[in-house]
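Protein chains in written order, with our numbering: chain B, 1 to 80; chain W, 1 to 749; chain R, 1 to 160.
Wrong hints could be hidden among the right ones.
Claimed, not checked - Distance condition first, Cα-Cα at most 25 Å in a straight line; then the derived DMTMM-like pairs of lysine to aspartate or glutamate:
(1) B/K78 with W/E453
(2) W/K580 with W/E692
(3) W/K343 with B/D46
(4) B/K35 with W/D24
(5) B/K35 with W/D155
(6) W/K425 with W/E386
(7) W/K343 with W/E692
(8) W/K401 with B/D46
(9) R/K118 with W/D682
(10) B/K78 with W/E86
(11) W/K738 with W/E663
(12) R/K3 with W/E120
(13) W/K303 with W/D140
(14) W/K397 with W/E382
(15) B/K78 with W/E402
(16) B/K78 with W/D155
(17) W/K63 with W/E128
(18) B/K78 with W/E130
Claimed, not checked - Now the stretches of chain W that chain B is said to cover, found in silico as 3 or more residues with beta-carbon under 8 Å:
(19) 416 to 430
(20) 512 to 526
(21) 649 to 659
If you are wondering where the hints come from, they were derived from the structure by calculation, not from laboratory data.
C-beta: ideal position from N, C-alpha, C; glycine also.
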Amino acid sequence: MVTVNLWSSLSRFTGGETAVEVEADTVAGVLDGLKAAYPGLAPILDTGVSVVIDGEMATGRHASVAGATEVFLMQRMKGG
Amino acid sequence: MAKDELGETLHLVGTRPLRPDGLDKVTGRARYGADVSMPGMLWGAVVRSPHAHARIVKIDASKAEALPGVKAVVTRADFPEGLTGENWNLQENTMAGERALYDGHAVAAVAATSALRAQEAARLIEVEYEVLPHVIDVDDAIRPDAPVIREGAADATVPEGSPPNVARYIEFGHGDTEAGFAAADLVRERSYKTEATHQGYIEPHACLGQLGADGKGEMWVCTQGQWYIRQMCSSVLGLEAAQLRVTPSEIGGGFGGKTTIFMEPLSLALSRKAGGRPVKIVMTRSEVLRATGPTASASMDVKIGMTKDGMITAAHAEFRMQGGAFPGAPVDMALYCAFAPYKLPAAQHIGYDVLANRPKCAAYRAPGSPMGAFAVESLIDEMCRELGLDALEVRLKNAVKEGDRASYGPTFGSIGLVETLEAAKSHPNLAAPLGPNQGRGIASGFWFNHSGETSVSLAISEDGTVQVSVGTPDIGGSRASIALMTAETVGIPYEDVRVNVVETGALGVNEPTHGSRATFASGKAAVVAARQAIAEMCRRAAAEWGIDPEAVEWANGAAQPAGPNAGKFPPMGIEEIAAKMGSTGGPISGHHESVPEGAGASFGCHVVDVEVDPETGRTTVLRYLVVQDAGRAIHPSYVEGQFQGGAAQGIGWALNEAYIYGEDGRLQNAVFLDYRVPVASDLPMIDTQIVEVPNPGHPFGVRGVGETGITPPLPAIANAIEAAAGVRMRSLPMSPPKVLAAIRAAREG
Amino acid sequence: MSKIHVTTTVNGDEVEFLADPRESLLDCLRDHLGLTGSKEGCGTGDCGACSVTLDGTLVCSCLVLGVEAEGRQVATIEGMAEGNELHPLQRKFLEHAALQCGFCTPGILVAAKALLEKTPDPTETEVRYWLAGNLCRCTGYDKIIRAVLDAAAEMRQEAA
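Could you build the full structure based on these sequences and the hints that come with them?
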C-alpha cells in the first residue's frame, strides 16, 4: 500500500481524507487506484497532475512507487 | 555523482567561449521569424475585436474579397467543430466563435498579395457586434454578480455555489495554523495586488505557414517549441501532426510567451484556402500587447505569525488570479512558490483561477512565482521591521534545507538556499553606505525547474567533429552550453561541436525551451547520447585491436587500452575512428529520448538599493545584486545573463509595467511608449554572484537558471522603498504617482 | 496606389527599388532589398530594433518613409563589418556575451557605432542615455554597456 497525499480541496471527493492509501507499484497504479476508489477524482487526474515521489517529480506513469516513503499529488507543472 | 567522476578534470565546463551563433547575430545574418520569404508568398492580416466582450452578430467579407489581390478570408467557420478542453480554448483564442472575449480577440483573417493589401482588406471586413457587459479586474470578476464570461467554464475542482467566473479552485496545506498563529508574538494579515505584465520580447510573433489540400504543410515560426506549435496547430485545424513540419526560426525572446499558438493556425488556414500558397503573418506590437499572452493579475491576502525572535509559526494565503477569458492563471504555482523558501510548521493555501475579459494569459518566466513572492516577501519584511529584526537573518533562520518539508508538501532534495543567503550576506553590496532617501531591500525567490520530454541526436562526422541535434530553441546561449557539455564529455575542443536546433521532422517530440530546462534536459540528453557514441567508438577500436571492448576506455578524445593487461596499443583518436567508420560498421551516433529525472530547484536572493525622490515619487535603482544557485554554471556569462535579465524584467514589473484598461475594457497602453519596459538609463549595472550547489540529477550538476531571477525584484524593491521613503507599497506597479500619493498620505498622517 | 522609383545608396552600394509611398524605409530594406538585419520590434519608434543611419544621422527606419531615402546614404548592420573583419563593437558584443536572443543586437550595434563616432570616450551614463531608445528585454543591459565601453576604449587605443 502507498499513502498518497492529495491537495486538501480534493478531499471533497475522498470523504474528507487528504491522505489516502492505494495498492500500487507505479504512478499509473496510483492514478488508476485513486480513480477506482474515488471516481470524483477522475476528471481532475485526467487533465494532468504531477506526482512527486520522495521529493522528486515523477517523469512518467511507469515510475516506481514501491518503497516510496512519500507520494504527493500536485498540479501539473511547466514553466516559462 | 557523475560530477565527481569529472570534478578534477573539467576542461571546458565553466569557461566562457564565444557563442557558436554569435557571428550571425552581430552581423544581421541570423534569420528570425519575419526574416524569411518564399516564392508565391501571400501576406496575412487579422481583424480583431475592438470590444472587451461582444456577441458577433455578422461578419461580411464581401468588400474585402472583391479587392484585387485578396486570395482568402477565414473566420471561425473554417475551423473544425467538436474540440474540448484546452484544445477548444486554444481554438477559441485563435479565432473567436460566437463572442469576442477581449479587446484584440481575432474574429477574421485575410491573405493578399502584399502586406499593405492585406491590411486594406482587413479594414474592409465588416463585423457587426452586440456589445456585452465586461469585467477586467480580478476582484470584480470573482463577484457573484459579475458578467459571466463563459457558462460551464468551472472544472471539477470548483465547489458548487462558487461565483460564475471561478474556473479552478485549489486548497492545500499542512499543520495546525490556528495553533501556529496562537503561538506567535506577532500576527499580521495584509492584502497585495499585482497587475498583468507582458513578456515584452522585442520580436513580435511571426510565422510563414503553408498548407495544401492534401493536409501536408510546413511552417517557419518564431517559437520556444516547434512540437508544441505542431501539436496545437494540428489540434485546432484537425490535421495529422506528422504531416506538418515546423521549423523554428531564431527567436527574438520568449520568456514563456512563445510556448503556445496565436496566429499560427490562421496562416495555415489561409494558405489552405488560397490554394496552398504560403502565408506570412507578422504581428504589430499593438497586436502583441492586446492579443498575446500577458501574465495574470493577482489579488492576494497573506497572514503570517512570527515569534519575537523571528521564527515563523504559521502562514495562510488566499490568492485570486485572473488569466484572461480562459482557465490557466498560474494561481497554483504562485501558491506553491509563495512560501517555498521557509520551513513552516503550519501553512494553508487557497487559490481561485478567475475568468475576465482579457487576453488568454501565457506562461511568463516562473509563472506565478513573482506574484506570490511579492505578497509573502513583502509581509515578512513588514514584520521584521515591526519586530526590529534583520530581514536576511530571519530568512536564514527559517530557510529550508535538504530533507525539510516544502511549504507545498513534498520533502526537498538537494537545494542551495542557505548557501545563497550566506553568499548574499557576505557580499560587499550589503556594506555599501546609504544616503538620505535611500534604502535597501532584500527578498528571496524560488522556481521548481522543469524537465520535460526531450529527444537529442548526436552524430560523429567523417573528420571526427560532432554534430548535436536538439529540439530546444536557443534563446540565451544554450547552443554554447550544450556544445561545452558535449565537448567535455567526448574530450574534444568546443569548436569541434556544432549544435543544431532542428525542425519537427528531425527528432522525436521535444517540449519547448521553457521551465529553465534547455541546458538541464537537452544538455543531459546530449551527454547520454555522447556516451553512447563513445561506447561505439570504443567497440570500433577494440575490433581494430582485436581485444575485448570492455578492455577499452575513453580519455581525452581517444580510445585506449583500459590497463596494462588489455594490450599495448597507442590511443586511437576520434579523427582516426571517424575516418574509418564507413568501413568499420557505418555511421557512429548516439540518441537519447526521455523525460530526464532530477531537475533541481533553484533559489535566489536579491539585494537592491533605491533612492526615492520625495518630491516626485520616482524610484531610482542605485545598486542591484542577484545571488542564485546555478548548481553548476556551464557557461557563466550566460548564467549571469539570465540572472541580470530576470532581474531587469522584475524591476520593470515592480516599477513601471502594467496593463491599463479603460472603462470600456480596451487596453489603453498597447505600444512600447506607454507600456514602458526598462530602458538602459533606468538601470544600474546588475551585480551577480553564482552559487554552485551541484544538482545530483545532472551529470555536471546543472540547475536551470532562467526563471528564479524574475521573482525577488518585486518584493525586494517594495522593501527598499519602505526603507527609503517610509511607505509600504502593496500594489504594483510602484509608479511615481502611486509612491508620491503614499508619501503625501503618510505626511498628512 | 502607384509605386515610386527610388534610387539610394545602402552600405556604399547604389540600389534601386519601387516603393509604395506608404512603406517605411524599414519595409523597403527588408522586403525590397532583402536586408533583413534591421528588425521591426514596434513600428512606432520606441524600440530601436530598426536603427540605421541616414546621411550619418541615427534614425528609426520604421519612422522614415522608403521614398525619403532617394539620393541619400543609408547604413545598416549589414555594412558594419568590413568583409570578414568585424567592427570592434561587434567583437566586443561577442566577447562580453552582450546578447541573448540577439534580436535587438543589430539596432544596438548601429546606435552604439553612431555614439562612438560622435563621442569616442563616453561615460557609462552617456552610453545608457544614448541607448535608452534601444530596448533589450533579455540582458538587463549590463553586458551591453560593458561591451560598448570596452569597444570605445579599444578604438581610442587604436586611434592613438
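Given the proposed pairing of W/K397 with W/E382, does the C-alpha separation stay at or below 25 Å? With a Cα-Cα distance of about 17 Å, the restraint between W/K397 and W/E382 holds, given a limit of 25 Å.
Straight-line Cα separation of R/K3 and W/E120 no greater than 25 Å? Roughly 16 Å separates the two Cα atoms, so the pair holds.
Please work out if W/K425 and W/E386 have their alpha carbons no farther apart than 25 Å. With Cα atoms ~21 Å apart, W/K425 and W/E386 stay inside 25 Å; holds.
CA of W/K738 to CA of W/E663, is that 25 Å or under? Holds, at about 20 Å.
Given the hinted pair B/K78 and W/E130, is their alpha-carbon gap at most 25 Å? Between B/K78 and W/E130 the Cα gap is close to 38 Å, so the pair fails against 25 Å, i.e. violated.
W/K401 paired with B/D46 [C-alpha distance capped at 25 Å]: The given pair, whose Cα atoms are some 33 Å apart, is violated under the 25 Å limit.
With a Cβ-Cβ cutoff of 8 Å, does the stretch 416 to 430 of chain W contain at least three residues near chain B? violated (count 0)
Proposed proximity, W/E402 with B/K78 (alpha carbon, max 25 Å): Holds. B/K78 to W/E402 sits at ~23 Å (cutoff 25 Å).
CA of B/K78 to CA of W/E86, is that 25 Å or under? holds (15 Å)
Satisfaction of hint between W/E128 and W/K63, Cα-Cα up to 25 Å: holds (14 Å)
Examine the stretch 512 to 526 of chain W for residues whose CB is less than 8 Å from any CB of chain B, and state whether their number is three or more. holds (count 4)
B/K35 and W/D155: Cα distance at most 25 Å? Satisfied, since the Cα-Cα distance of roughly 17 Å is no more than 25 Å.
Hints 2, 3, 4, 8, 18, 19 and 21, counting from the list given before, are not met by this structure.
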